[in-house]
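Residue numbers (my numbering), protein chains in the order written: chain P, 1 to 236; chain U, 1 to 286.
Source of the hints: derived by calculation from the structure; they are not laboratory data. Glycine included, each C-beta is placed from N, C-alpha and C at the ideal position. Treat the hints with care, as some may be off.
To be verified - Part of the chain U face toward chain P, derived, beta carbon under 10 Å:
no.	residue
1	Phe58
2	Phe133
3	Pro134
4	Ser137
5	Ala174
6	Arg244
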Amino acid sequence: MGLGLAMFSNFDFSVILNSWRYLFFDGMAFTLTLTALAAIGGVVLGTLIAMMRLSGLPVLPQVAKAYVNFMRSLPLVLVIFWFYFLVPYIGQWIIGSERPIQVGAFSSSLITFTLFEAAYFSEIMRAGIQSIPKGQSAAASALGLTYWQSMGSIILPQAFRNMLPVLLTQTIVLFQDTSLVYVLSITDFLGAASKIAQRDGRLVEMYVFAAIVYFAICFIASLLVRRLQRRVAIIR
Amino acid sequence: MTSSAMPPVSPVSEPQAATDAAPGTGPVGTLLTERPPVTATTGPMIAIDDVSKWYGDFQVLTNCTTSVTKGEVVVVCGPSGSGKSTLIKCVNALEPFQKGQITVDGTRVADKKTNLPKLRSRVGMVFQHFELFPHLSITDNLSLAQRKVLGRPKAEAEAKGLALLERVGLKAHAHKFPGQLSGGQQQRVAIARALAMNPIVMLFDEPTSALDPEMVGEVLDVMVELAREGMTMMVVTHEMGFARKVANRVIFMDKGEIVEDAQKEEFFGSPRSERAQTFLSRILSH
Chain P
1 MGLGLAMFSN FDFSVILNSW RYLFFDGMAF TLTLTALAAI GGVVLGTLIA
51 MMRLSGLPVL PQVAKAYVNF MRSLPLVLVI FWFYFLVPYI GQWIIGSERP
101 IQVGAFSSSL ITFTLFEAAY FSEIMRAGIQ SIPKGQSAAA SALGLTYWQS
151 MGSIILPQAF RNMLPVLLTQ TIVLFQDTSL VYVLSITDFL GAASKIAQRD
201 GRLVEMYVFA AIVYFAICFI ASLLVRRLQR RVAIIR
Chain U
1 MTSSAMPPVS PVSEPQAATD AAPGTGPVGT LLTERPPVTA TTGPMIAIDD
51 VSKWYGDFQV LTNCTTSVTK GEVVVVCGPS GSGKSTLIKC VNALEPFQKG
101 QITVDGTRVA DKKTNLPKLR SRVGMVFQHF ELFPHLSITD NLSLAQRKVL
151 GRPKAEAEAK GLALLERVGL KAHAHKFPGQ LSGGQQQRVA IARALAMNPI
201 VMLFDEPTSA LDPEMVGEVL DVMVELAREG MTMMVVTHEM GFARKVANRV
251 IFMDKGEIVE DAQKEEFFGS PRSERAQTFL SRILSH
């Protein structure tokens, strides 16, 4: 009771002023780096998975489908844990070394988010590729373009542009999801806020501030995406 | 002309002059700035031999056999669903077929060893819905395949594209995007795009069917010009005026079969089959 009163009776927001450099230059920098790299990796891998799924070749579509369904059936936190604790042992087993290989929290979380988000991005890119009329790839083929040339110059650029707003919206979700790396004790934005909060005993101030920052960034990003949506549309 | 059951057909409206700088008025006045590349064989340019195709249990093509010789203009007509578009798409292997043989300039299209992209780059195709690439400018639409497939340098490819664009009367639109052009203009760009690859033969799949009536003429003008310059052409169309004007032969298809394959005069004068007579009387009666 006494502790509760001491914690809530007087808010002291100066804790933010004292720690903003740490919060943003350490925490937010990490969050944004992870978001950007995982989004790029996820879109590239997701596009490949989508192409596998639509390839019409034997086996590949089933493999891609199984991967996507598997990833989408697991809670993200579990995947983060799983990778962090098990990958060193799997790596050890693969290369046959004596000790578990060192992956590091950052690499581990980057790989995890890339693989996890690829499942979601692949579904977006699959819809994007399917939205391009069949005649486009027929025209590309008729001109003598190979499958990869047709994909690279004709189909994917259009699919990507059509899907850009959805891809960015998914990236905003990814930005929020990166806060789950706290389970690996990584200092992302939320992790940094959490550490300051506990060190200075200012839980409410710090978590309110963190919530406001996440909200502001996501809200502004969503507005920008909506504005972008109107500009990138391809006139047909 | 021998007496026939068909009433003499009145001339169908001639292709009207294009509104937007008549095609074929460029400095050279031709669409083919150079002779079509030398062909490999002296045989027919396209030989279709006993081709059959099924979608599951449904047979769309039944034992189709015909050929197109160099410099010939062959019009393929018939009611919708008769398989004419499917047949023309088999020629450059956009559609696979299960039985028979098609050779283009001596190369078997269904052979696994055939380098399809290379073969297709020598066969120009114009589609019903134009299929310009909407995310690329007209200039890029014209030069992309030249650069990627033929390995032409950027400057050369763009110059070639621009020259052809001028000949179809659209030079002023080079910087625009396909969505900014009318249907007729887009289709003329599509023809120029195919010609930029120096094809040995051109395939047209209902090139005017998706156009507003007032734009049909400007596209047909370009095609007539092309035919007069000696391009080998296989044209799926309902434009009997075009067939009458430039075709050498007319193929009539119905229910996946080639019902009639005759010289133009013979086809329009006295079609042998009842189905062709019915089709002609329907299409020409109004």
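Worksheet item: How about U/Arg244: closest beta carbon in chain P under 10 Å, or not?
Response: 28 Å, violated
Worksheet entry | Hint status (Cβ of U/Phe58 to nearest Cβ of chain P, threshold 10 Å) | 19 Å, violated
Fill in: Interface hint compliance - U/Ser137 to chain P, C-beta minimum distance less than 10 Å
12 Å, violated
Worksheet item: Quick one, is the U/Ala174 hint okay against chain P at 10 Å, beta carbons?
Response: 17 Å, violated
Worksheet item: For the hint on U/Pro134, does the least C-beta distance to chain P fall short of 10 Å?
Response: 5 Å, holds
Discussion item. Interface hint check: U/Phe133, Cβ to nearest Cβ on chain P, cutoff 10 Å. Holds or violated?
Written reply: 6 Å, holds
When each numbered hint is compared with the structure, violations occur for hints 1, 4, 5, 6.
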